[in-house]
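Protein chains in written order, with the numbering used here: chain A, 1 to 103; chain B, 104 to 220; chain C, 221 to 389.
Honestly, the hints are just simulated from the structure, not real lab data. Treat each hint with caution, since some may be false.
[Stated by the list, open to error] Distance windows between CB atoms, simulated: (1) A/Thr92 to B/Ala176: 50 to 60 Å; (2) B/Tyr144 to C/Asn311: 41 to 51 Å; (3) B/Gly215 to C/Asn311: 16 to 26 Å; (4) B/Val194 to A/Thr57: 46 to 56 Å; (5) B/Ile199 to C/Ala224: 37 to 47 Å; (6) B/Val201 to C/Ala224: 32 to 42 Å; (7) B/Ile120 to C/Ile226: 42 to 52 Å.
[Stated by the list, open to error] Only pairs whose alpha carbons sit at most 35 Å apart, straight line, appear in this in silico DSBU-like list of lysine-lysine: (8) C/Lys338 to B/Lys159; (9) B/Lys159 to B/Lys214; (10) B/Lys214 to A/Lys102.
Since this is a predicted model, take the numbers as computed values, not measurements. Even for Gly, the Cβ is constructed at its ideal location relative to N, Cα and C.
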Amino acid sequence: MVPLSWYLTLAAALFSIGLFGVLVRRNAVAILLGVELMLNAVNINLVAFWRYSDALTSMGGQVFAIIVFAVAAAEVSVGLALVISAYRRRNTVIADELDMLKW
Amino acid sequence: MSEWIYVALFIAVGLIIPIGAIAAGFILGPKKPNPIKEATYECGVEPVGEAWIQFKPQYYIFALVFLVFDVEAVFLFPWAVKLGQLGLYAVVEGIIFVSILIIGLVYTWRKGMLEWL
Amino acid sequence: MTGAQIIFIVVALYTLGSALMVVTTRNLIHAALWLVSTLFGVAVTYALMNANFIAVVQVVVYIGAIAILFIFAVMLTRKDMRDSGPQMNKNWWLGALVAVLVFAGLAFMLSGWSGFSKVAADLPSGFDSVSLLGEALVSPQAYVLPFEVASVLLLAALVGAVYVAFNRK
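Construct all of the structure, not just a fragment, from the sequences and the given hints.
Okay, here's the thing in structure tokens:
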């Protein structure tokens with residue numbers, strides 16, 4: 001049987017890769033792809049803590065995993081709508097060039 | 104765990120058949136290319152322009168509405184499985200849940216976003 | 221090493237490799253397709269944890285809808301899909317450093333925790349997680365409020381996304 005530590009390490013690695021994507025990519029859509037990886041890492045943790053807890057019949061971990069699905073759906077739909085809106089007004093999706101608020 | 108073996112088998116067969124078909128065509132077929140053969144196949148019509156163009160925004164709206172109701176179905180599936188053993192309050196909660204989302208569908212519809220321009 | 225451990229290692233390496241491709245590929249469509257591959261690996265991870273419903277939901281919602289939304293968004297935001305210019309910041313090494321430090325910090329914190337190498341108990345026979353989930357979602361003692369708030373959140377997302385992206389002046 002796989003110990004809990006393996007799942008937590010996998011989730012930590014996935015979270016770090018997602019963080020790298022968020023920090024480094026220039027395209028706003030690619031930044032959102034990194035956010036998706038981070039949300040998935042969180043979900044692995046939630047399900048792992050449900051599976052390895054002593055009270056298996058209390059479904060807290062799985063319920064919150066499903067809530068995270070809803071949050072991810074909301075985040076993606078509004079985030080990509082913002083990117084599309086910015087593209088229509090400013091004709092760019094590079095995050096560095098969307099700097100109107102800096103001036 | 105063991106019930107997933109069937110899913111794995113299904114995925115394996117689903118991968119082997121197309122890969123095998125393409126590989127068989129690649130290995131057995133004669134290769135005499137000419138420009139007309141190399142052209143992209145587009146239902147028999149001559150291809151016009153490039154494939155890498157900007158798409159209509161309507162695709163995004165439909166995918167968006169699909170995504171929202173997909174997540175709704177995820178919430179309603181466990182509710183529906185258990186509905187027979189739960190009382191009236193579960194039915195009322197489900198109706199509230201669905202009717203809140205119907206508002207969003209009505210909004211999208213009234214804005215004319217579901218028309219294919 | 222048991223069979224489950226070998227399967228886990230293969231799936232984990234596949235998932236992490238696909239995730240690395242997501243953040244490093246230049247072509248955004250390819251990055252979105254690598255995201256599909258990563259999400260599939262995560263779904264297999266859920267299945268390894270006996271969370272069957274979550275695994276199916278991962279395929280239906282993430283791969284079936286969210287990844288498709290990403291691909292549509294990429295198609296909508298460029299007239300010419302070929303990528304030009306660098307895809308990463310000038311100081312990408314700083315981001316890599318931060319990511320490695322975060323991973324090291326998380327691993328350090330977790331390794332000091334007493335429950336870190338816990339082993340799971342077997343599921344009781346006849347364990348029906350979907351029924352339990354349905355009960356938990358609508359029972360007033362459990363999670364009925366998050367259930368209804370999720371509906372409001374989805375409504376806000378739908379209306380907000382339609383308004384933001386397609387408000388014709």
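Here's how the hints hold up against the structure:
At about 36 Å, the CB distance of A/Thr92 to B/Ala176 disagrees with the hint of 50 to 60 Å. The beta-carbon spacing between B/Tyr144 and C/Asn311, approximately 46 Å, falls within the hinted interval of 41 to 51 Å. At roughly 46 Å, the beta carbons of B/Gly215 and C/Asn311 sit outside the given window of 16 to 26 Å. Restraint check, B/Val194 to A/Thr57: a C-beta distance of roughly 24 Å breaks the suggested window 46 to 56 Å.
The given range of 37 to 47 Å is respected by B/Ile199 and C/Ala224, whose C-beta atoms sit roughly 42 Å from each other. At roughly 40 Å, the beta-carbon separation of B/Val201 and C/Ala224 lies within the given 32 to 42 Å, and the hint holds. For the pair B/Ile120 and C/Ile226, the supplied restraint of 42 to 52 Å is violated, since their beta-carbon distance comes to about 27 Å. At roughly 51 Å between alpha-carbon atoms, C/Lys338 and B/Lys159 are farther apart than 35 Å, so this suggested pair is violated.
The straight-line distance between the Cα atoms of B/Lys159 and B/Lys214 is roughly 17 Å, inside the 35 Å bound, and the hint therefore holds. At most 35 Å may separate the alpha-carbon atoms for a hinted pair to count; B/Lys214 and A/Lys102 meet this at roughly 34 Å.
Violated hints for the displayed structure, listed by number in ascending order: 1, 3, 4, 7, 8.
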